Each structure stands twice: as C-alpha cells, then as structure tokens.
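For chain E, the structure is supplied; the task is to place chains H and R on it using the hints.
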Amino acid sequence: MEYFLQQLINGITLGAIYGLIAIGYTMVYGIIGMINFAHGDIYMLGAFFALIAYLAATTMGGGSVAFGLMAALLATMLFTSLWGWAVERLAYRPLRGAPRLAPLISAIGMSIVLQNFTQLTQGARVKPLQPVIHGGVTLLKANGFAVSLSWLQITIVLVTVALMLVFTWVITRTPLGRAQRATEQDMKMAALLGVNVDRVISTTFVIGAALASVAGLMVTLYYGVIDFYIGFLAGIKAFTAAVLGGIGSLPGAMLGGLAIGLIEALWSGYFSIEYKDVAAFSILVLVLLFRPSGLLGRPEVEKI
Amino acid sequence: MRFGGLLAVNDLSFAAAGRQITAIIGPNGAGKTTLFNCITGFYRPQVGRIALHHPTGVKLLERLPDHRIAREAGVARTFQNIRLFPRMTVLENLIVAQHAALMRASVFSLAGLLGLARYRQAERRAVDKARHWLDRLNLIAQADDEAGALPYGSQRRLEIARAMCTDPVLLCLDEPAAGLNPRESAELNTLLTAIRDETGVGVLLIEHDMTVVMGISDHIVVLDYGRRIAEGPPAAIRRDPAVIRAYLGETAAEDLPPAVSGDVSEADGC
Amino acid sequence: MATAPADPAPPLKDAVIDAALAGLVAAALALPMLGFHLEDGTTSLTLSPHLPRVGLAALVVAGGRLGLTLARRGLAARRAGRPGRLARLGGRLSGTRLWVGWAMLLFAAVLPLLPFADRNLIDKATMVLIYVMLGWGLNVVVGLAGLLDLGFVAFYAVGAYSYALLAHYFGLSFWACLPLAGLLAAAFGLTLGFPVLRLRGDYLAIVTLGFGEIVRVVLVNWGDLTGGPNGLGGIPRPTLFGLRFAAYAPPGHHTFAQFFGLRFSPEHRIVFLYFLILILASVTNLVTLRLRRLPIGRAWEALREDEIACRSLGLNPTTVKLSAFATGAMCAGFAGSFFATRQGFISPESFTFMESAVILAIVVLGGMGSQIGVVLAALLLVGLPEWFRELQQYRMLAFGAALVLIMLWRPSGLLSGRAPTIRLGERT
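Chains as they are written, first to last, in the working numbering: chain E, 1 to 304; chain H, 1 to 270; chain R, 1 to 428.
Hints are computed from structural coordinates only; laboratory data are not their basis. Keep in mind that this is a model prediction, so the values were computed, not measured. A virtual CB, placed ideally from N, CA and C, is assigned to each residue, including glycine. Any given hint might turn out to be false.
Stated by the list, open to error - Label pairs and their calculated CB-CB ranges: (1) LEU190/R <-> ALA149/H: 52 to 58 Å; (2) VAL166/E <-> ARG293/R: 53 to 59 Å; (3) GLY48/H <-> ASP186/E: 33 to 39 Å.
Extracted from the complex, chain E is given alone in its bound form:
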C-alpha cells in the first residue's frame, strides 16, 4: 500500500511533465493536422536553456536559488518559444498545403538538426545538476517504508496545474483562443472571416514550446541530468499521451500524460524497469483498438 502510494506520487509528477509536453503535440495536431516531430527536441532545448539560465543567474545573482529559478523559468520560456516560432517559420510554414508527408519529413529533419546542434554546441556528455530544491514531507511511515512527497514534486504539480488553468482560460475566454479554435475547425473559413491564420498557427507553436520548456526546466530539476537525446523518448511518450487522451483535446493531453506517467511509474515499481516503455506503448495500442479516438477525443464520424 505504502509502496503503491509512493509510486502514485512519482507517477503523477512524471505525468504532469508528460502532459505539459503533450499539449504542444495535441494543439499543433489539432490545428494543422501534423505530428510535430521536433517538439520533443524543443522540450530538450527548454531543458538546456533552463540549465544555462539557472547557472548564469546564480553566478550573477550571488547564488540565490529563488532568483536563479525564476530567471531560469523566464529565460527558458522566452528562448524556447522563440525557437518554437523559428522552427515553424522555417520548416513548416512554407509547406502548408504540401502533400501530407512533406511536413512530417521536414519535422524529422528539424528534430535531427536540433539534436545535433545541441550535441555540437554543448557536447554529447550528460549534464548533471546538483539538487536545487531539497527536502519534503513524509506522508506516512509504515512497515519500515516511508512515503515521501518532496517539495519539488509539489512544485511540479502546482506549477503544472497553474499553467493549465491559465492556458484553459486563454483558450476558452480570450479572442486569441477563439481565433485558435476557429482555425482548428476550419482554417479556410477562419481566414475568410479575417483571422490571421499564420499568426494563430505561430502562436500555437509558441505556446506549445513555452509549456514544453517548463517541462524541460522541471525535468532538469527533478532528474538532475539532461543530455541532447532526452527529447526523443519524452517526445514519443508525450505524443502517445496526446493520442491516448484523444488528439486535439487539451484536457485529454493532460489526462493522457497522467495515464502514461502512472503506467510507467507503476510498471517500473511492480514489474520491470527495462520494459516500462513497452508497457506505455502496449496500453496505447489497447486503448486505440477499443477506443480509436482516445479517452476524451470526439469520435470522428466519416461522412459518406
């Protein structure tokens, strides 16, 4: 029971991170119907930017952790968004209206570019960061096993929830969100009605990148190690989460992220760590077979 609770906490933390990345996939897929393969690497950039900004800020700010973290958060959101924007502008926008697979290949190419660019500039070795946020609370202690909840885990979940609230508000309540939803449903019609579709799509990439960068920061703090390759697996899993939750659905992305996080944590807790990725994918296949539109996705009825 205690062990289960601990895995549950770990799973939720992990799930929050996957969920934040998954939003970028699900939004982009919803709006232009493409798998943004480079999104995982955008998240990886976010992690690197966060690490660099944290180190720069703590050196300049005299080692204040709080200042460092705030600076890291802002800097990584800013720079990662810029990269997200640039990737869309350079590699995807010219391909609007091209055959369906062209942007996918372009995205795969971009993903390779980002990985190797990072490897070239920062080296292939794993980058470690000493734990920044220490301590936590012990929830309960029984049978010689303590269930602990670290401050960092609390922070991660709280930040995720806060971001989700802001984000939901933006999508449902603001003109930007309305334009975004209109473009998602019918790009041509939205353009005819005066929505600047290019700008809406750019904004989608920027938002997605910003959320992924926060995930990158949190992973840097949570695991304490990053390298240029972390984007690939995290990206696949986040995309899996998006599909699992129902691609195009924002709450679905969050739910899917949680599900993947929990599956992974529980599977590695009870069965085997080696096969945890297999577990996540198997669940995905099962869900898609019985509910092809994902958990919260609207079933697509093809009009005949």
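Just chains H and R now, kept in the frame of chain E:
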C-alpha cells in the same frame, strides 16, 4: 437507425424490385442517404431487416460487412460527393471494380506474378468489360486520363460505370444528377432506363431533380423524418397530399416558387 | 521559395532592414546555445561565455538573408514565368523512366569493374543498395498503399536477427535462412498489422513507431536470446554454391579462390556481397513493379486514394492493407538478413528509430511511389553522407538540414508523377 438522440431512419419498410427504377425522394435530412448507407453496409441498423433476393439465394444485408455486400450480394453504389480514385486513370478505376474476379484469376498474385496465360486472359476480359461501359458512357476517349482531372459530369458517369463493372443486381445511385446541366441529366435518364432494360438490375435512386425522378422512375418512395409518407407510381406521388405537404409545408400549391412549379410542369410533360 | 517569381522585387532598403531583423532573430536564437557553453567542472557544471560566436551567427544569417534576397530578385527578373530547370528535368526523367532505369542497372552491374571502383566504393555502394531495397519495400506500404509506417526498422531487425539466431542455434546457412527471414518478417508484419491496421493515418504512424521501439527494447533486454546490447557476433558469411570467401576452407570445402584458381583476395567477398545485394534489390524492384500492375497492387493504390470507395466495390480493406504491410515487411526481412551476413555482427543499435526515419525520408524524398526516385534519394541521403564519415557530428546536422531543405524545395519529392498500370491505348 439512430445517431445519438437522432432517429434518422425509423420504422421504414418498402420493396424495390429488379428491372425497375425505384426512386427515393424526400426533403433534405429525411434520411435518404442514411437509408443507402444501411443498405450498402456502411451503417448497421439497430433493428430491422434488409433482405435481397439474389440469384444465389436470399442475402440479409444487415448482417454483412460493407465489402461483402458489394461482392456477395451484388449491391453497388455511387456517392453523393463523388468518390473516385482520383490519381488513377479512368480505366484503372474500372479495373479495380473487378478486383474480386481478377484476384481469383491471379491466385494470390502468384499466377499474375508469373504472368500465366490464365491471368492474362482474365485481365483481357476485365478490360473488355471496362471498354464496354466506357463506350456506353461516352468516356472511351478519356480512358487513360486521371480520373480526378475529368469534368464533373464525366466523373459522375465514371462512378456509375465503375459501379456497373461490379456486375451488380442492385445499383444504388445517390443523387446522380446533382450538378449536371439539363442536357447531361437528360442523357442520364436515357442511360438509366437503358441500364434497367438491358441488364435487368434494379436501380435504387436518390434524387432531387424531379425531371429525372418523374421521368424514369417506375416506383417512388417518399421519406420525411425517416418515415415513409407515400409510395407509388410517379403519377400518384405527384398528387399525393402528404408529399405536397412535406415538400411545401402547409401552404397551398399556388404559392409554389416558379422554379418548383416549372419542375413539376416539365415533369408532367414527360 | 515557391512564391519567388510572384514576389515583386523589394527595394534595397527593405532588403537590408529585413536582413538586419533576421540577424537579430538569429542572435536571439543563438544566445543560449552558442553564447554559453556548459563545462563539466570538477565538482559541478560551470558556464563559459562565448558571446562573439553569437555576433558571428547573427552576421552570417543577416548576410545570407541579404544575399538570398538579392539573388532571388536577380533570378526572378531573369526567368519570370519559366518553370524551374529541375522541374523540367523531373518531368523528362519520369517520361523516360524505363530507359533511365536500365541505364542505372547497367551501371550498377559494371561498377565493380570500373577502374576507380576500389574496395571502399563498393562497400559504400553495397550500403546504398541495402537502403534502396528497404526503400522499395517501404514504398509498397507508404507510397502505394498510403499507410504511414514509422516503425519499418522493426521488420529489418526481425530479418537480421532471424538469420543470426537461426545460424547460431541451428547452423542453417545464409541461403536457407534468407527465405525464412523474409517469411518470418512477413509473418511478424501480419501479426502486428492485424490489430493496428484498422487505425487511421497518424494513429497508425504512432503505433508503428511504438512497435519499432518495442522490438528494439526487447532486443536490448532479452539478453539470453539476443545477446542484449552487446549484440550477436560471428554470423556466418554467405557462400557461392558452397564456395567460401575465405583464405582457407575446412576439409571437404572449397574456397572461391581455390575453385577458380585465383589468388585469395578479401575483395572477392566484397564484390560478391555487392552483387548479391544488387540481385536482391533488383528482384525486389521487379516483384514490386509487377505487383503494382496486378489486382493486388491496384487495390493498394485504390485504398490510398479512397478507402470508402474501395469498400463499396467489394475490396476488403483489412486484407488489402495486410498484404501491403506483409509485402513491405518481407522485403525488409530479406534486406535484414543480408545486412546481418554482410556485417557479421548485429546489435540493437543498428535498428533505432533513426533508421526508420531515414528509410521513410528516402521514400518521401524520392517521390512516393517512384522506384527511381528511391534510388536517387538513397544516393543522396545515404551515399553522400558516407563520404563525409570523418565529420561525424556535422554529418548528421547536415543530414537533418538537408531533409528540411529538400522538402521545402520539392514538397512532393524528387520524382513525383505516376505511370498508369494499364492503358487502353485508344486515344482519339
């Protein structure tokens, strides 16, 4: 047939005979296309029975998946929004329609891979059949063109030709005259009656163009809100008060917009 | 780029402002990555600033942008309204496709005899041919049937490991294993395909990607059978009707060199492997071309065009898709067992997602369904980078950038356009 809370086709029964053109008419949203989708297996009705008297025995269509309805029960169809294979040529479209026969002749592609005479003959027969229908539908000159590049009227005809290449016993046409100009729809009339008389297939037709419906149908079924509100030969349908009400609301006939009254009088003339 | 001729030439001032803006953006993009370097210190990470590099990047981008704008203006003025030279070349190539194909085959057949063909070149050509074969296999799935498969490498791996394991545990020869590996890969394709082929487009993509990863994870972790991350070594080399390509043969056997009275040379094996893959690839090409003109091939294409229309004509989409999937998988299986016998050693590292991505890129870049396009794309994506092996890291960076640029330049692939599978030939 129910979609969520919407009852699209409800308690409907009618019979369509072979060697006859049966038209299904009704206002938009009456459930005509849904009915077609039930017959051709794209939807599965929650209750009820669709029986087809095929030369090889009675087929219960509501139990068969769509591709088996086409292959085993001999029901072919066209679509409201044309569904051709746009990047394949006209001829290829018609050859794909004969897939089942050719597949049998190619013996899991082995005979075909080895180029055996048996397969070559089958392919020649398939091309001959395609040629026959291309000739009939005046498409022979475009045989090697991409289907997607044809003008709209030709695409409609090609879809009918493709359906006929499956050797159906029942041909379901979903608004075949939509988007055709008057000359083209007159040609369509001739074609459909010819198909009926020569091949003996039963034709089931959804159509809004009353010149087509009244001109060639042997039997008309009128739907509204998923129910049959009238059924009979064209002359009777034209006078049926329930039909007039469904189409025109409660208003009297003198309020007919000119286009509709024109349609009706033109149909009278036929 | 596509809109270049339509753009009115901007005045010089605008071009400069535009370039300056581009430089600013580049500076901002470069600041964190180029401007700072994470140094692995003794106790912890430290940062070392390299701010001049940011300025350099900004200058390069601004200069490049300005040059591009000006060059484009010059070009636009000169060839307004004329189709690009490469577009015309593409059209001509697809018109004379048959001729080009035979010429390529002939060239490939005499390649080892040519004076400049050293061991290194033939080795690289062999590598390219493996990818050509894989590309042709995946072309059936993606190009013809329109099923997006991101885990094609799984079947390649199944082929390679089946040969390695069958040879290791049962002592079977390459020639006995080759068909077995193909069949096993096809069977694997059927088992995987059966549950997932009902899924639409991108769901299929992610599930196949998942399967590709699952196969790799299993290969890494099932150490008892597969040797785990260390892989399997000592895979037997192929023989030519029992003749070995080695310096010595065990008693009762002959080496190739002995039999033909030649002096032993390691190059014999390299050339033999080259011809072997050339034959395998040619057979793949022949079979897939033939299949395309058979009912099954037309059904694949029809399915890509409109699944609902297919169903209304009595085609069972599941069997049509499965046959495409299995055919592609079989090609990958053959290629995989060849790969194993060529390397003599395989490990899960050879079967990562990158491989799937490269093969898919070859198919899409080639022009989806074009056999010659696949050859060109394989030369471009596999052959060209092979020459730059020394620049390991820059090589991959350039590879990624090339993917993006080629896609921007020709979104529908190098050679698009499709030849009908049957003609009535009664044009009037």
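Quick rundown of the hints versus the structure:
1. LEU190/R <-> ALA149/H: 52 to 58 Å: Given a distance of about 37 Å, which is not inside 52 to 58 Å, the answer is violated.
2. VAL166/E <-> ARG293/R: 53 to 59 Å: Once the Cβ atoms are compared, 58 Å apart, the range 53 to 59 Å for ARG293/R and VAL166/E holds.
3. GLY48/H <-> ASP186/E: 33 to 39 Å: holds (36 Å)
Going down the numbered hints, you'll see the structure goes against just number 1.
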